[in-house]
Amino acid sequence: MTIAVVVFPGTNCEHDAVHALTLLGADAELVWHRETDLDDFSGIVLPGGFAHGDYLRTGAIARFSPVMAAVTEAADTGKPVLGICNGFQILCEAGLLPGALIANRDLAFVCKPIHVRVESTDTILTSAATVGDVLRIPLNSYEGNYIAPPQDLAAIEANGQITLRYCDENGDVSDLANPNGSTNNIAGISNARGNVAAVMPHPERAAELILGSDDGRRLLEGFVAATKTSPQTNSVAAS
Amino acid sequence: MTTTSEIPAHIQLGMTDDEYAGVVEILGRTPRPAELAMYSVMWSEHCSYKSSRSHLGRFPSEAPWVVVGPGENAGVVDLGDGWLAALRIESHNHPSFVEPVEGAATGVGGILRDIFTMGARPVAVWDPIRFGPLDDAKNRYLFNGVVSGIAGYGNAVGVPTLGGEVEFAEAYAKNPLVNVMALGLLKKEQLVLSGASGVGNIAVLLGASTGRDGIGGASILASASFDEESGAKRPSVQVGDPFEEKKLIEACLELYDRGLVVAIQDLGAAGISCATSECAANGGMGMDVDLDAVPVREPGMTAGEILMSESQERMLAIVEPTNVDAVLAVADKWEIHGTRIGTVVEGGQLTIRYQGETVAELPAASLSEDAPRYNRPAQRPVSIDELHAATLPLPDSVDVATTLLTLLDDPAIADKSWIYRQYDHQLFLQTVIEPGHDASLMRIKGTTKGLAVSTDGDGYLCAMDPLRGGARIVYESALNVAVTGATPMCVVDNLNFGNPENPEVMWQLIESIEGISQACEALGIPVVGGNVSLYNQTDDVDIYPTPVVGVLGYTATLPDQPPRLDRGEAGMEVFLIGGPGGDDLAASAYARVILDARAGRPHDVDHDTGRAAIDLATRLAHAGVPVLHDISTGGVAVALAEICFASDVGATIDLATWQQAFSEEPHRLLAVVPVGFDWSEHLGGELQAIPLGVLGGNDLSFGTFGTVPLTAAHEIWKSAIPRRLGH
Chain A
1 MTIAVVVFPG TNCEHDAVHA LTLLGADAEL VWHRETDLDD FSGIVLPGGF
51 AHGDYLRTGA IARFSPVMAA VTEAADTGKP VLGICNGFQI LCEAGLLPGA
101 LIANRDLAFV CKPIHVRVES TDTILTSAAT VGDVLRIPLN SYEGNYIAPP
151 QDLAAIEANG QITLRYCDEN GDVSDLANPN GSTNNIAGIS NARGNVAAVM
201 PHPERAAELI LGSDDGRRLL EGFVAATKTS PQTNSVAAS
Chain B
1 MTTTSEIPAH IQLGMTDDEY AGVVEILGRT PRPAELAMYS VMWSEHCSYK
51 SSRSHLGRFP SEAPWVVVGP GENAGVVDLG DGWLAALRIE SHNHPSFVEP
101 VEGAATGVGG ILRDIFTMGA RPVAVWDPIR FGPLDDAKNR YLFNGVVSGI
151 AGYGNAVGVP TLGGEVEFAE AYAKNPLVNV MALGLLKKEQ LVLSGASGVG
201 NIAVLLGAST GRDGIGGASI LASASFDEES GAKRPSVQVG DPFEEKKLIE
251 ACLELYDRGL VVAIQDLGAA GISCATSECA ANGGMGMDVD LDAVPVREPG
301 MTAGEILMSE SQERMLAIVE PTNVDAVLAV ADKWEIHGTR IGTVVEGGQL
351 TIRYQGETVA ELPAASLSED APRYNRPAQR PVSIDELHAA TLPLPDSVDV
401 ATTLLTLLDD PAIADKSWIY RQYDHQLFLQ TVIEPGHDAS LMRIKGTTKG
451 LAVSTDGDGY LCAMDPLRGG ARIVYESALN VAVTGATPMC VVDNLNFGNP
501 ENPEVMWQLI ESIEGISQAC EALGIPVVGG NVSLYNQTDD VDIYPTPVVG
551 VLGYTATLPD QPPRLDRGEA GMEVFLIGGP GGDDLAASAY ARVILDARAG
601 RPHDVDHDTG RAAIDLATRL AHAGVPVLHD ISTGGVAVAL AEICFASDVG
651 ATIDLATWQQ AFSEEPHRLL AVVPVGFDWS EHLGGELQAI PLGVLGGNDL
701 SFGTFGTVPL TAAHEIWKSA IPRRLGH
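Listed in order, the protein sequences are those of chains A and B.
The opening residue of the first sequence carries number 1 in my numbering; numbering runs sequentially from there.
The opening residue of the second sequence carries number 1 in my numbering; numbering runs sequentially from there.
So here's chain B without its partners, still in its complex pose (with noise of 0.2 Å):
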């Protein structure tokens, strides 16, 4: 048996021999406790993405628009007049799944500090969440979970959470995805970058006291594989403070008025010790610190503990000698901690002092630009061509109204606001379409702008065709921001994957960046930002590949009034707006809840319509059309009852075929006009609008396919998640 002990420091660490020599070479001797801790972090897939940099530069990123591109703690966007806007996305998977309560509140906490920290106040969230199904407990405990902590952390700090996604499939059970979405909007003169200048200058750190929590988070939860014994983990999961970081938002923005700070940098994975390192290299400086001054929330803490707390609610501020007192004012003002750690220094290296000691001396450059960089093997599974040569088992004929039925209780598909109705959605009085909706929308107050934001995975998907799975997450966000009449501007991206070791999940990986990049590439919209969590395996099962994308949309002139779901009125004609097809079911929702089948290949996208799609639904929006919705998961069937639900109306449509309810081909949307409303002046190219039927009366009727009471829909649809939970 090995004990502990026995193992080389390096290895608990979660360090390669060959990494550890790296170190060795770098210093030119052997590293010291502190600095062996700071490289392990700093070096961990977390920190460093050494097994997806090399493929991450795949992706578009330019554009006379991007102000700030990958790279910084969030992309920046020129809206015009002046205003910018900051976003960024995050995950908190391995905390979630060890303390989802703690986990998912800190995963908003953390990305807030991203998009502060660049000088813009955080204006709103967005929560894409996946889990295993809701039947089993442990599953609907993570749910509520994440679920409470997400309201928990994003009411009390002020930012209202505007929407999200949810997927529930047994590749998650042991491994859910919570991954957080934010914007921040700010002026061109409030930009603020992270690398520290000016010799002599003070690093001052701002807000909470440094505790014992979240030590090796980056690299002991977010870097590793989970097995049963992963609870063990959860001293290493941070604990967050709404109230501290609301304070601290404040405070920064208070400093970034006044112009007090050269530079700022949040404190997140690996604390001190990444912050510290950063701010210097980023600055092409580097840094004096003294640990001692550090305020501390209990004694005996050790340098490596102090340096590498995961701490949340703190942030670094360079500062010149002359502005510090001001500071120091500003941060007593807001009631949160401010103190002089450091000294900015000419040459490029990182001193930590500790009780009179050095506890680390190195380059500062080297935690981050001499990371590791792997090209790990990719391999394409066989087992995938055989998935893409079978068919599905459909039956000939289908009653498509009892099928709905099943599928409106699908909580993928059904009602979510049991979710959204815990988050406060409506702060700032900037939200003209609030969640439930394709995308949400928000005004900027005092102009005429609005901006949309939608996010969407697909894991099912894209488990059956990254590449085409990737390129259609991108088209059905772009579409969704597309309905509410903004035009569509930039992409992040959080690449949630399995574990990075197994080629087969590299190839996913690979795939997935194409086909996000084509799609980009196709639409002009660059990704500015995007996030990477690998190791979503537990008991060595990975998760389905589930990148998740949040595309911006802009206007410079909101439409008088957006459509809306619920703008829908008996009388008013539907119509299937699209390309030709419209038949296959391979992905589809009817293929997962009805068949439990997975078979075929999905059909790709069609770049020359999906543009056309996007830019007929922008011009729909401000001509004035009440009723614009994305179809997607469910089919025309679920569309249509979705917007007989908020309007409180029935519809009568016909299609040609059963299938052409359920399917899920990309680049289509339905259309509620007026009657008599002329096309003529809206359509061309390969688009048609195919009249489907009316709105009117109490059912959901499909002619010779079925019809449905539209109250039994809605009740199962409302009903089919508060009712799992119990509720």
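Bound conformation, chain A alone (with noise of 0.2 Å):
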């Protein structure tokens, strides 16, 4: 029952993603992305950094790396797995989430807390929340702005998709209270199924009060719940 943490070369939040999966109980392991078999994890995350530079463009190249084939197949067979601000770009370049995410409307590197509202939670996200729930989370990207086709972003609004929108610290949605300029204040979304999740701002920043905010364990909560009744793709095979 571990969750593997995926680093990329360029990766820098896979020892906080451990941390803060560890204080919630999670046994957590890195897992470098030349590995091709990810069979024995219990879930999967794509954490925050700038995997191979971000070069060309953030995700692109993170894509073809030899674990991806494995992130895929994993996705496939239901297991959770979670893109945290540059893991949710490489989700979308890989094609297992809709849309991608662009610089912010301001140009510039936003790193501050911000507010965001739950929206939905049928999702390895956001499944121990309510929905309304605010929670106070820290940003910290330059590509944080999602954009989404009309019908791609239309599908995902329908489905429940979203399942955080950024909002002020009442719980409002509305342009002054989004801090990249994202569409429809989209701050995290998921597959249809739910158990593909990503999200822009960092939960694992946000899971100790001594740090500012303990705001982000509802949200891990509800993912490290989720791997422990994921389905083990090799358990049928080894009995």
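Derived from the structure by calculation, the hints contain no laboratory data.
It is possible that some hints are incorrect.
[To be verified] If we take Cβ atoms under 7 Å as the criterion, some of the chain B residues that face chain A in the derived model are: (1) K138; (2) R140; (3) A151; (4) A156; (5) G158; (6) F243; (7) E335; (8) D424; (9) H425; (10) Q426; (11) V432; (12) T609; (13) R611.
[Stated by the list, open to error] With a cut-off of at most 27 Å between alpha-carbon atoms, the simulated DSS-like pairs for lysine-lysine come out as follows: (14) B:K718 x B:K416; (15) B:K187 x B:K445; (16) B:K416 x B:K138; (17) A:K112 x B:K416; (18) A:K112 x B:K445; (19) B:K333 x B:K718; (20) B:K188 x B:K445; (21) A:K112 x B:K718; (22) B:K333 x B:K187.
As the structure is a prediction and not an experimental result, all values here were calculated from the model.
Using N, Cα and C, we set each Cβ at its ideal position, and we do this for glycine too.
Now that you have both chains on their own, put them together as the hints suggest.
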């Protein structure tokens, strides 16, 4: 029941992800991007950072890393797969989630705590939260501005695949509360099945009060719970 | 007209005739071109500190907790329980003027290598930066470029930027200052030094390939003054690649973890020539180096170019022969170059071969140990006495509230979040107090320990009195650290000065060193490392004398709730803590911004009061006081406003004179406490806690000296920098 935290060259939030998951009682292990077999893991995290230097385009090279075939296979079998920040960008590039993340509206890096409102709870990221919850979580990105073609956007809105939207401290979703110009204030989405989810702000940075907020736990707890009921691809073969 | 070919090679390389004669004497012959290039860089001001070295011994550098003092790549101090901290400060002033984005970026990259060279993981960076006024387009371009260079490199390399400071003055318009301080953490057994030992050990070059960038950076850029033609020096600026550095950091940390290296040295100024000679000299050995093995970016590079290239993101590891394959495998895993380029040999000779020829053969130690030292003449400027004798043209009465609004609009005082919002300051889950406070406070994960850092300089103050200014910046930095609950433990300093061939600049340098030293001695905190940046002069105008210090503070147990600017609440009481006085305005922001006048002698530090204030601040932080804030630029009025902005609450305070609102006399702080707070168990000696007023309401009210709505003041303070940048 170990969670794989994937490390690409240039990833930098891998230790933070392991730290936060461990706080929640989960076992988590770093997995190098050349690994091709993730069968023994109960869930996968693609953490934040700058995979392959973000060269060419965020996630554009990472999607070709050897590990991504195994990530895709795990996603297809229903295992929980969570992308945080750069991990969100990689999941979009890999086609596991719709849309893409482009440069922030103000063309500047934004590092600050923001608020998000929980929009749906039928995903591995939000299952421990309640619709309408307002969470204070740090944002830390240059390409955090979510876009998608109109038909994809309409579909994910209709299917309840928007998990989190940027809002103010009272939960009001508005342009003023949008830190990066993201379409419809989108901060997190999932696939239709709900087992692949991604979030732009960093829940692992909001898991302890000494760091300013522990609201991120409500998201990570849902993910850890999902890994405990995760389908074990190799358990059938082994038994 | 003189053509370039008629100028002797050593002059073109920035050496004097006497220095050239010294090289000939050491070698007993005429130097080969590559050898001359090596001496010219290693003996440059930037590498050899030839003008300042004879004065740097003044700094106190010893304490029981110092593990590695000045001289290595970084200072190292003991935090107990097997933990060590490595710290260093550097400047990248000249490159940042020529090419602000890359200049600032490679400044970050360079100092990180100094930290992980010691075996430490770099965990935080601070950036003290200085520019000309923002009403000038060129200054805005430089400021923007430097901030985006720091953000672009620091964020991508995965080391958080936890703070810094910024100052704007005409004196920096043609010579901005870009300093960078870095901190690393390591366990005792991971400490690595740079001395090569063991005959037959292999020198392995790790990291990026070697190109033509940055050739002569140390001698051409960093060791000479500037003029209008400086744009032509752009090819001497290196280009950084944070992705390459990130991989290099992880690879090196794995090498240390597995005990695979004997010694390691980063490649900075003067590239391979500096790293090989320092490794050999520090270990009392020699080295045979084969330049043909070095991975290069383009064909046709000469031996001199390969030797002198300052291509970034490279390290030189000394490895036992049996471990070489394992080291190369680690390099392969992290997708960086790993190449054997040399062998450690008996004796002190450094021999470098290229394409079948010996291109250099010299005593390795001569590059550093035989570098010239100058005892340059120093002269106290007559004008400084006139300045001290003059008095400021102070008005009889002043509306404190409206004056405060003008000060809040000064970019040096205004909100700096436009800068630090662009820096990742949260990575590693360690940031307890983020940028925007007096000091940043970090926890060491898995322990109760905390570390606080503040960087401080004040060129305007030091120009008026470099001795007192040097002492005051140390006390200010130490007090900043203390308000988080940490006890000041050690200092790194960056001495940014003008042309040392000007005796008045040498006087400023010597006075500043004396002031810093006296304060450090009084506080019992050693200087564990530093950097000297001279020739900060363009078109014969020297910058302000600008020493910058970074103080590291330590606490074995973090306060449960450390004081923060945003913990003030309506009804809480505001106290001023400090000694007597508090009226003087010499070298204050009031004099600079409102009067635009320089007059009077800034008050000196008082070592007893200063120590007592620092000790008290540390104790109050652990006693649960919600807000503690050092009084510095802009005085009580600005310090109070900053608390009110962060806490979103107004205040009403009473002052005896309007001068008390803006005085920046040292060793004073504001404390915000709940009603009925018992001071008696904390105070003693000369320190007093003077009640000033209470928090509450929607105004900043100074009684008979005026009132201003909090929101109006806040808006001016928040928008001052972005408005000037057109945002």
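Checked hints:
1. K138: 21 Å, violated
2. R140: 15 Å, violated
3. A151: Since the shortest Cβ distance to chain A is 5 Å, the answer is holds.
4. A156: Cβ of A156 (chain B) sits 5 Å from chain A, so the hint holds.
5. G158: This hint holds: G158 (chain B) lies near chain A, its Cβ roughly 3 Å from the closest one there, short of 7 Å.
6. F243: With Cβ-Cβ at 3 Å, under 7 Å, it holds.
7. E335: Cβ of E335 (chain B) sits 6 Å from chain A, so the hint holds.
8. D424: 5 Å, holds
9. H425: 6 Å, holds
10. Q426: Since the shortest Cβ distance to chain A is 5 Å, the answer is holds.
11. V432: Holds. Min distance 6 Å.
12. T609: With Cβ-Cβ at 33 Å, over 7 Å, it is violated.
13. R611: With a minimum Cβ separation of about 30 Å from chain A (threshold 7 Å), the hint on R611 (chain B) is violated.
14. B:K718 x B:K416: The given pair, whose Cα atoms are some 8 Å apart, holds under the 27 Å limit.
15. B:K187 x B:K445: 13 Å, holds
16. B:K416 x B:K138: Between K416 (chain B) and K138 (chain B) the Cα gap is close to 20 Å, so the pair holds against 27 Å.
17. A:K112 x B:K416: 13 Å, holds
18. A:K112 x B:K445: 21 Å, holds
19. B:K333 x B:K718: 47 Å, violated
20. B:K188 x B:K445: 16 Å, holds
21. A:K112 x B:K718: Holds, at about 15 Å.
22. B:K333 x B:K187: 24 Å, holds
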